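Student: Since the structure of chain A is provided, determine the placement of chain B on it from the hints.
Protein chains: 2
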Amino acid sequence: MNWKRMIFFVGLGIAALAMIGLTSDPACAQQRRERVKEGAPAKADIGENALKVYVPPGDLDEYYAFLSGGHSGQLYVFGLPSMRHIRTIPVFTPYPATGYGYDDESKKMLGGLTWGDTHHPGLSETKGEYDGRWLFINDNAHGRVARIDLRDFKTKQIFGPIPNLAGNHASVYLTWNTEYLFGATRFSIPIPKGTAADVKDYKEKYKGVISAIAVDPKDGTMSLGWQIVMPPWNYDVADAGKLVSGDWWFVTTYNTEAEFIDGKPLEITASQRDKDYIIAVNWKGVEGEIKKGNFTEIDGAKVFDPVKTPGFVFAVPCAKSPHGVDVSPDGKWFIGNGKLSPTVSIFSFEKLQKAIQEKNFAQHDMGIPVVKFEAVTEADIPVGLGPLHTVFDDKGFAYTSLFVESAVAKWQWGGGGREWKMVDKIPIQYNIGHIASCEGDTVSPKGKWVFALNKLSKGTHLPVGPDQPESGQLIDISGPKMKLIAQAFPEPEPHYAQIIKTDKIKNVIEVYAKAENKNPNAVWDPKDAKVVREGNTVKVWMTQIRSSLMPNVVRCNEGDKVIMHVTNIEEMRDELHGFGICGYDINGVPSPGETLSYEFIADKPGVWPYYCTNFCSALHQEMQGYLIVNPKK
Amino acid sequence: MNWKRMIFFVGLGIAALAMIGLTSDPACAQQRRERVKEGAPAKADIGENALKVYVPPGDLDEYYAFLSGGHSGQLYVFGLPSMRHIRTIPVFTPYPATGYGYDDESKKMLGGLTWGDTHHPGLSETKGEYDGRWLFINDNAHGRVARIDLRDFKTKQIFGPIPNLAGNHASVYLTWNTEYLFGATRFSIPIPKGTAADVKDYKEKYKGVISAIAVDPKDGTMSLGWQIVMPPWNYDVADAGKLVSGDWWFVTTYNTEAEFIDGKPLEITASQRDKDYIIAVNWKGVEGEIKKGNFTEIDGAKVFDPVKTPGFVFAVPCAKSPHGVDVSPDGKWFIGNGKLSPTVSIFSFEKLQKAIQEKNFAQHDMGIPVVKFEAVTEADIPVGLGPLHTVFDDKGFAYTSLFVESAVAKWQWGGGGREWKMVDKIPIQYNIGHIASCEGDTVSPKGKWVFALNKLSKGTHLPVGPDQPESGQLIDISGPKMKLIAQAFPEPEPHYAQIIKTDKIKNVIEVYAKAENKNPNAVWDPKDAKVVREGNTVKVWMTQIRSSLMPNVVRCNEGDKVIMHVTNIEEMRDELHGFGICGYDINGVPSPGETLSYEFIADKPGVWPYYCTNFCSALHQEMQGYLIVNPKK
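For the record, the sequence lines run as chains A and B. Numbers in the working numbering are just positions in the first sequence, counted from 1, shifted up by 1. Numbers in the working numbering are just positions in the second sequence, counted from 1, shifted up by 1.
With the rest of the complex left out, here is chain A:
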């Protein structure tokens, strides 16, 4: 397929020239902005577009968008169509604005790590529909996954580091009834973790791992289900099947060359083959094997070997280095987005099943059966340069992000006599990575908006120095032609988003019910606030209510351990109180009805004020106390 390679490199060249021409010369600012406007509203449309995204004070947005925050380690909540940032949900990084990572419980959950690399948020599903219960998110850096409860929008569990797995990129991509979420190795390593082997022995000693994390259907608690040991390929992006394909899980690969050479860039060694793979996993089948005891235990994980027991894991060839794989709303098709190819490839799930039954394999690669490309492929859509991800609407169209071309392609969904074809394209500013549509990865997409998550913004905003923000652009997909409506600048780095209709998230808690506070150290009346010394430990039970912290004086000795249990006894929405101790590195923000605990050593003698850090009332400034640390004699 040399023509594809040629097109790719010519395309890359054009894109690079365009980028250089438009960005390195400051005199080009105006020209650059004009280019942006290729995709921007025509003057006549401006009033109409302004109204579409305008949400007057007091009105609410129609959709929640949950954006991953990349290496910020957090999740961001936006409202659509206004694209207003509403809330930061801290997940893998301490966040003093809400006190996350400072109280004993959240500190323990972070396990001594101070950042993560969030990529792919996943809303819990029931029968392939978002059910509004939980939001999961992966940490690519340290191989973890987290659960956010959508009753209070707080991180409740961090699971991991997952054994045997390094780089957890193809995650979370949960099954369509939330039985499992997944993790997969982006960077193969010798297993178990802690084993050192040189890259000279990469092909033999490094391993990939796909990890199924079980989700408790009652409360969402995650636990290690099982793992599949895989060849040392790089596992990239995934999607779970739904309906007919509901027992299956798909993940793209790159570097199926299975090489890592000291001194030679992976970008070269991993781009030799014309095709890499989409791996199709019959997760229900593997689960059955695990139940039968067909596994080896490695570092506490039940590890299944698909080479020893064939029949559950297959490779589907896909144009080189595919990035996203996306299962259609009806579950009948899966789409490979070959990032170094000018097309997306449509594969038929039915044909895959037939090829597997008939053992219609081209070869085995490192023990994994590779089905014949021709046996499973249905169509190739010439979307343009650098397709990364595809999402769906409610009218039978798909939308593919084109990184190299900086565009979104709209194409018609085929099958059943309908033609597979390109129908529209719109320029994007710039280098779009992921793309999200309203409930677009469920069994019933909602249409209306597409959110383009762009890697580069290149001065489409006021200058803010070399650390430029990412760009998010909203596309109106309600008509036959796409319309670029508005632009915002999400926090680094929105790798993916999920968009859910607001009525799916019900019963959000705004004040914790007093009766439900199970913390044995809660006190509900300032009169019960107290300081008790036990040996070298000083224990404090503190209340917060407008406008005092009680006790307002805590005395201890240098070197004492101090444990403070702080209860916000407010019963009114929005009445947060902060708890900061000057000079001591603590800032908590108990929500109304919540009790949080802080433990530290009083290692600095002197008088250290503590105070409410959340402006709460006309007498907020007076909400203050003193920690008096008597020096060692």
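Incorrect hints may have been included.
Identical copies carry no separate label here, and so any pair may be met within one copy or between two of them.
To be verified - The calculated lysine-lysine pairs, modelled on BS3-like cross-linking and capped at a C-alpha distance of 25 Å, are:
no., residue 1, residue 2
1, Lys157, Lys219
2, Lys108, Lys605
3, Lys540, Lys201
4, Lys562, Lys634
5, Lys531, Lys265
6, Lys201, Lys528
7, Lys109, Lys605
8, Lys204, Lys108
9, Lys605, Lys303
10, Lys309, Lys360
Rather than coming from a laboratory, the hints here were simulated on the basis of the structure. Note that the structure is a prediction, hence the values are computed from the model and not measured.
Tutor: For chain B alone, coordinates are given in the frame of chain A:
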């Protein structure tokens, strides 16, 4: 003045009832939103308002707004009128999204503290105009101040903890030619820090301190100028004089009762007096005394005592517990916003000078001369309940935030025959704290917009759990009546903002010039990348360019010290590269042309991938290497 007290308490009661009525019953959601709409655009205005805040993709905002992030420790850059968040500038809190606090230099700058409490950003001024050079911000919690360079929007210096000072709230409030910025004690303590004394001895042994931090006019470097020891009052909010009052600095006080009683809330003990003070400091005069050697050294600081040497520090009585003090654009007036009073008080700088010359003092309080209220007051404006801050426009009007009333009052500036009078009021959602106008604290305010920074948002957004965001609302002040245009939800907690016309910030760096990289460890060609062992230290010189990190293999032994110098050798705008090491708690983001260093102990054996965390190119996923840590034998 018992009527004032009565009005205040009746007002508080009404406000409290209104808040309870509108917030505790979920059935009130609709009613609550209707109330919001009191201040929201009428239906007929919606199209017009939408257009006013709409900035189409590719167009730029007119103004920068720099918002303090409260206990998040950061600064946030918004564009106005769109109210879009463009960038987070990390200041006192590590921020893995840009790698701040992870490389050796920024880590050292943070000094082991992981949060701050930013309150009052201050743009550098020349002759009372913003000059676009630097942005300063205080840390209320640990008594620090920071400088951000507006060439690259990065934090370049953190100064502090400032000696003798606890709680640095009335900060930074720089002088009108940026000679000094200030810090002041919000929570008096025994000095020097480290001294323990019980609150029983509060009046005698606790001290307030006003601290002048000198700013180097060449490069903005901050250093400790001098301090003034003050009575143990709480120093709240400040402003520097300008033009005629340019040698003076003003700060409000509360708790001039000078009491702190164990078990008794400060909100009660500090609200006994009808009046507290605005302290007026002749900083130029004190500077002269310091130069003459008239100081005592305490903990390395040159401390001036205004009781021993009178003539430089005076108290002006102001309605109880004043919050903001604001100097008018012409420098002739200063305004006290008595947060427990229904009026703002206008004081004349000329009258103050006369009263001082004539020693027209009512008394001395703890040694500080108190000028007669009648001698310096000019007018009282009945703005409404809970005035906190006042800002100015270009047409002779002032705008005061009313916390208790949740409103903004517009009033006419008097003097020279013009009447001092209220002209308009608009409801705000809810509990407005600070307020900012376009260059409104300079000698030439620009008018056009007022930005209301509200403490509570109370469900004027999609539900996001008990930790609700703050609310920011944009008011169009171009016409005779104020119009509430739009609402956004800034990160916690926007205590104050400064708004600057975009053309004032010039020559923003987007790519660091290679020739200006003075780091001795920069390498500019992947061929020069290398690993060198020196004893138990492994030193690495690494390059980053699309799409490889070189070296791509680093070998070391468990327990080695590893020092990595990472240079981003890109020369194109926006081509950031990340540098994350799986399992090791490091994530850096060198900007194009920047070299950053990371030092750590290789304490975890095994194979640990490192990779680019900032999606940079079509082959970003391949931008990867391995740290191989051979285990101890």
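Student: So, for every hint listed, does it hold in this structure?
Tutor: Status of the hints after comparison with the structure:
1. Taking the shortest alpha-carbon separations for lysine 157 and lysine 219, only the intra-copy value of 14 Å comes in at or below 25 Å, while the best inter-copy value is 50 Å.
2. In this assembly of identical chains, the alpha carbons of lysine 108 and lysine 605 lie at most 25 Å apart whether taken from the same copy (22 Å) or from different copies (21 Å).
3. In this homomeric assembly, lysine 540 and lysine 201 come within 25 Å of each other (Cα to Cα) only across copies, at 22 Å, whereas the closest approach inside a single copy is 56 Å.
4. Proximity of lysine 562 to lysine 634 under the C-alpha cut-off of 25 Å is restricted to the intra-copy arrangement: shortest distance 17 Å within a copy versus 38 Å between copies.
5. Taking CA atoms no more than 25 Å apart as the test, lysine 531 paired with lysine 265 passes between copies only; the shortest distance there is 14 Å, against 64 Å inside one copy.
6. In this assembly of identical chains, lysine 201 and lysine 528 lie within 25 Å of each other by CA distance solely across copies; the values are 21 Å between and 69 Å within a copy.
7. Proximity of lysine 109 to lysine 605 under the C-alpha cut-off of 25 Å is found in both arrangements, the shortest distances being 24 Å within a copy and 20 Å between copies.
8. Neither within a single protomer nor between protomers do lysine 204 and lysine 108 lie at most 25 Å apart by alpha-carbon distance, with minima of 39 Å and 39 Å respectively.
9. For the identical chains of this complex, lysine 605 and lysine 303 are inter-copy neighbours only, at 24 Å across copies versus 48 Å inside a copy, given an alpha-carbon limit of 25 Å.
10. Proximity of lysine 309 and lysine 360 under a CA criterion of 25 Å is satisfied intra-copy only: 17 Å inside one chain copy versus 98 Å between copies.
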